[in-house]
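Dock chain B against chain A, hints included.
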Amino acid sequence: MNAVFEAFKTRAEAVSAEVHRFKTREEGLTFILGFLKDAGVSDAPECGAVWAAGTFIDGAAKDDLKVKVPGICFDITQAASAASKVGISQLDWAISATGTLVQDASAVDKRLVSTLPPIHMAVIGTERILADMGSVLEKLRPEQLNYISFITGPSRTADIERVLTIGVHGPERLIIVVVDELQQVTA
Amino acid sequence: MHADTEIKFRDSAAKALLDPQLRANFRRAMDGLIFKRKAQFPNPRDLEDLRDLSTAIRSRSLLNLPALLEQFETQATKNGIQVHWAETCDQANELILGILRSKGAKTLVKGKSMVSEEMHLNAFLEEHGIEALESDLGEYIIQLDGETPSHIIMPAIHKNKNQIARQFSQKIKDAKYTEDVDELTAMARKVLRQKFLDADAGLSGVNFAVAETGTLCLVENEGNGRMSTHVPPIHIAVMGLEKVVATLEDVAPLYAILTRSATGQAVSTYFNLITAPRGAGEKDGPQEMHLVILDNGRSRIYADPQLQATLRCIRCGACMNHCPVYTRVGGHAYEAVYPGPIGKILTPQTEGVGVRHDLIHGSSLCGACGEVCPVKIPIPEILVRLRREATHEDVGSQVNGKGTGRTATEDWAWRLWALANKRPALYRVITWFATRFGNALPAGAPLIKDWTRTRTKPVPARRSLSERVRAKGVPHV
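Chain order of the listed sequences is A and B.
All residue numbers for the first sequence refer to my numbering, where the first residue is -6 and numbers rise by one.
All residue numbers for the second sequence refer to my numbering, where the first residue is 247 and numbers rise by one.
Quick caveat, the hints were computed from the structure, so don't treat them as lab data.
Hints are not guaranteed to be accurate.
[Stated by the list, open to error] Covered stretches of chain A, as calculated for chain B (at least 3 residues, CB under 8 Å):
{"hint": "1", "segment": "91 to 99"}
{"hint": "2", "segment": "124 to 133"}
{"hint": "3", "segment": "138 to 150"}
{"hint": "4", "segment": "155 to 161"}
[Said to hold, decoys possible] From chain A, some residues computed to sit far from chain B (all C-beta separations above 12 Å):
{"hint": "5", "residue": "Ala(-4)"}
{"hint": "6", "residue": "Val(-3)"}
{"hint": "7", "residue": "Arg14"}
{"hint": "8", "residue": "Lys55"}
{"hint": "9", "residue": "Asp68"}
{"hint": "10", "residue": "Gln176"}
Treat the numbers as computed from the prediction; the structure is a model and nothing was measured.
Each residue gets a CB set at the ideal place from its N, CA and C atoms; glycine is no exception.
One chain only, chain A, in its complex shape:
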């Protein structure tokens, strides 16, 4: 698993994503909360964080989290996402060959939090990292999923003189939080 993770990390960082790995869910959660505080997330306007549902967060005491970092919002709307600094969502698969994250984004809130805020934090279990795109496609049933997103690094363009620019319409930072002890259900 370590080799697969390392390959994933190398490829993801090559396309400007930031990758952090934690053993337990608690460690992952502590990192995220610390990051949100450092990023200046608060209940002031345009400073919030939107957190989409997923097994990582569903069992947590959400009210406590809101006390620890005011500005976290679990009730996601387009307007709330557009006005937030950070969006957090759980991803379903990852591809080590390309540093790609894959998400069953049938729930619109998952798309909104990974598209509209300038920072996207993506949580994923270590065991969900697979070798290549073919391995992921085998597991996906698009006829049952309204929308599947493959995400490789932050939003980018090279439309002006082929100069690479990060953060056009989507997030300018993609922070991937890989957690070893995270139970995930198959998308």
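Okay, now just chain B, sitting in the frame of chain A:
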């Protein structure tokens, strides 16, 4: 004759060649793209294997196209996508206008779509009071100046950052002048973000449509494709009818070769598989999803076994990046929606081989396009075929405008040629004059100047072969 109405690629290309800035912009960009693509394929064997596989998938998809389209429509409809068919661009435009009007939509925000360029959708909607705004950074830049894309992947590549800096400072409200690319991008982001949130409808293109699952696949880097497909309350997708493949398994190799051939990326930042509109109980996301499938001459191309290969195209732009003609004259000189080698075979087939005779001949037939094409479209062979189609009315040919590229001058030249070659006496008279006075003819003389303007004038021999043979006393001549 039609020659008066012909669009003169030669003239627009000559004009483009006089613009050193334009040539520098293209040369630099195309060199970069060639280099990045090459870096993606360190092993030529892997590249050839992937090209073979991709070609096989696209050929097989076309072979079963009618059945796959039916299967796709059934499945997509079951998923909740409303599928519409348009034979012409006019019909497609009317369909989209109808959808927007039925919802009272006044603004449409667009992700990148070459089919919508083919339809001239923006101009059509503006005429009918609907604002259509491009959100892809390159498309946004050219829309500000009322231009068309000069490259199918990098629409604004003909401009450099100084030109864009000037343009933004003049056309975007409260914008300051800056040549910093990050700052220019941030300006566009700010304007477009608000437009996304306010838009009544979003439009996107389609890279692949999967028949088995009724899924639309969308490849992009900026995130505007994602936003166009799930931020506004209505999502309209447009695609050419050739885009369908059988299964999701077919998509993986095509996607792998598309991004590598186009921008030299192993994968794009975003790859979206869109199967249905907003689900039950969702607060956001498109309430309605429409797909407009455009023919616009594709069925006619499909009917010809050789020309059908044109429809394998996955719109990567590699043929442009590697074309010695495109790199020097840029995309606008073609005066066509699809420039470069693929445009040279596609445009004459949709608009007519007679009226776009200029494009068919605007090639040195060097073969680079065919060598890099990820789905092995034999572009040079098709160009040669279309050259014949333009001047002949072959039995069974369904080529649009076949034979209409013939000119009276050319016909007369061949008639005289035949006449001279059938009468030895006349032939001798002509060669006698040509050998004695041919060299006196100035290079700029009418009839020969089109040839001599880029070539050295041929110098005739001082005596014709038959004269020399006779002088030597060879019997029986």
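Looking at the structure, which of the earlier hints fail to hold? Going through the list in order, the structure violates hint 9 alone and respects the others.
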